[in-house]
Every structure is written in C-alpha cells, then in structure tokens.
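J.: The sequence shown begins at 160 in the working numbering and counts up one residue at a time.
Incorrect hints may appear among the rest.
As the list claims (entries may be wrong) - DEER-style ranges, computed between Cβ atoms: (1) Arg190 / Gly264: 22 to 32 Å; (2) Arg241 / Gly375: 16 to 26 Å; (3) Gly314 / Thr207: 20 to 30 Å.
To be verified - Within a straight-line C-alpha distance of at most 20 Å, the following computed EDC-like cross-link-like pairs (lysine to aspartate or glutamate) qualify: (4) Lys237 / Glu261; (5) Lys237 / Asp360; (6) Lys237 / Asp367; (7) Lys237 / Asp271.
For the record, the hints were derived by calculation from the structure and aren't laboratory data.
Beta carbons are placed, not taken as given, at the ideal position from N, Cα and C, and that holds for glycine.
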Amino acid sequence: MDQSTHAACRVCLGGARPFMTVQGRRYWRCRRCRATQLDARQLPDPGTERRHYLTHHNDPADEGYRRFLARLASPLLKVLDRASEGLDFGCGPGPALAAMLEAAGHRVRLHDPFFRPDPAALERCYDFVTLTEVAEHLHRPHAVFRQLAGLIRPGGRLAVMTALGIDDRRFANWRYRRDPTHVVFYRAATFRYLASSLGLDCRRVAPDVVLLRKPGSG
160 MDQSTHAACR VCLGGARPFM TVQGRRYWRC RRCRATQLDA RQLPDPGTER
210 RHYLTHHNDP ADEGYRRFLA RLASPLLKVL DRASEGLDFG CGPGPALAAM
260 LEAAGHRVRL HDPFFRPDPA ALERCYDFVT LTEVAEHLHR PHAVFRQLAG
310 LIRPGGRLAV MTALGIDDRR FANWRYRRDP THVVFYRAAT FRYLASSLGL
360 DCRRVAPDVV LLRKPGSG
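Just need the whole structure built from these sequences, with the hints factored in.
T.: This is the structure in structure tokens:
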C-alpha cells in the first residue's frame with residue numbers, strides 16, 4: 160500500500176486518505192468513520208505529552224472548570240442508578256469530575272497513564288466509564304475504546320466528552336487542532352460507527368458529549 164496516499168484509521172481500522180497539511184502537520188480522514196487524525200509518524204512522545212499536560216491548570220475547586228465538566232456530569236447523573244460504580248479514565252492530576260460524581264453518591268476509581276496509573280483499575284467492571292477531554296489525545300483509540308467497552312457492565316455507559324467536528328474550511332485555524340497533544344478529531348458519525356462496532360447504543364446528549372450504552376441490565 161502506498162503510504163503517501165493510504166493509511167489505516169486508528170479509530171476504526173478502516174482506510175484513511177490525506178485530508179490536510181497544516182504547518183507541517185499532516186492529517187488523514189477516514190472514509191468509513193469520518194475521524195480526522197494526525198499522521199502516526201508525527202505523534203508526540205510521552206515526555207512531550209506530560210510536559211504539555213502540566214501546563215494545564217484544571218483546579219478541582221474552580222467553579223468555571225466544574226461548570227465545564229458538568230456538561231458531561233449532568234446528563235450522566237440523570238441516567239445512573241443510585242450508588243453506581245465508575246472509572247474516570249484519564250482523570251489527570253486533579254480529578255474534579257470524580258469528586259463531583261462522588262458527591263452525588265457514586266463510587267469512582269481513577270486511572271491516568273501519566274498521573275495516576277492503576278493497571279488494576281482496568282481489570283474490573285463498572286456501571287460507567289468517563290473520558291472527559293481524553294479521546295482526542297489517544298494514540299490507539301480503537302484499542303482503548305474496545306478495552307473500555309469491555310469494562311462496562313450490561314446496562315452501563317461509556318460517557319465521552321470531546322469536540323465533535325468542525326467545518327473543514329475552519330479546521331486549519333481551529334483552536335482545538337492547535338493543541339499539540341490533540342491527535343484525533345471525531346464527528347458524531349464517528350461515535351455512531353464506534354458504538355455499532357462495539358455493540359453499544361449511542362446518544363448525543365450535548366454538542367460535545369455522547370453516552371454509549373451497553374444493552375442489557377445489571
């Protein structure tokens with residue numbers, strides 16, 4: 160396969176074609192799931208990622224940050240049973256979302272490969288798993304989503320918050336794209352395809368939030 164014109168989509172493993180090059184960064188567009196992704200040869204190394212994450216100031220006590228997280232927390236809390244058990248995947252150094260969910264009576268375990276690594280947390284099942292502003296950083300999204308879907312109990316939910324698409328004409332100047340650790344960009348269609356491939360139901364509950372539900376009941 161000619162690597163200059165074809166690549167494997169890291170989200171669905173379908174075929175991707177060149178989409179756009181911006182300031183030397185080459186992006187591909189999947190023909191199947193419509194995800195846009197940075198060229199695999201340009202992915203940042205772990206040291207670069209960690210240094211950039213440390214520049215974020217996401218204070219769990221900051222009301223503005225909590226309002227931002229409420230865009231996912233509020234619709235999720237409406238559908239959770241009492242005293243549900245969840246995993247905050249990619250929680251970062253200040254797990255504000257977990258604190259919000261725990262204040263509502265739920266139990267939340269944490270895992271972040273850079274700041275709170277807990278491999279044991281990925282070996283049990285949950286009523287819900289959250290990814291807030293995490294999906295766009297994933298180097299291997301297909302593997303991660305498949306793994307997390309496997310951790311959800313029947314009737315459970317995978318709650319994802321990430322920017323969902325933008326007009327192609329605005330992509331080059333999009334603030335979200337300019338973050339050097341944002342390497343994959345999704346559309347609503349991307350999550351519909353992912354959900355179907357993983358045997359999940361998909362519901363978009365906010366402009367940047369989707370809830371993926373595993374059929375059945377716990």
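J.: Give a verdict on every hint.
T.: Here's how the hints hold up against the structure:
no., hint, verdict
1, Arg190 / Gly264: 22 to 32 Å, "violated, 44 Å"
2, Arg241 / Gly375: 16 to 26 Å, "holds, 19 Å"
3, Gly314 / Thr207: 20 to 30 Å, "violated, 39 Å"
4, Lys237 / Glu261, "holds, 14 Å"
5, Lys237 / Asp360, "holds, 17 Å"
6, Lys237 / Asp367, "holds, 17 Å"
7, Lys237 / Asp271, "violated, 25 Å"
Checked against the numbered hints above, the structure breaks hints 1, 3, 7 and satisfies the rest.
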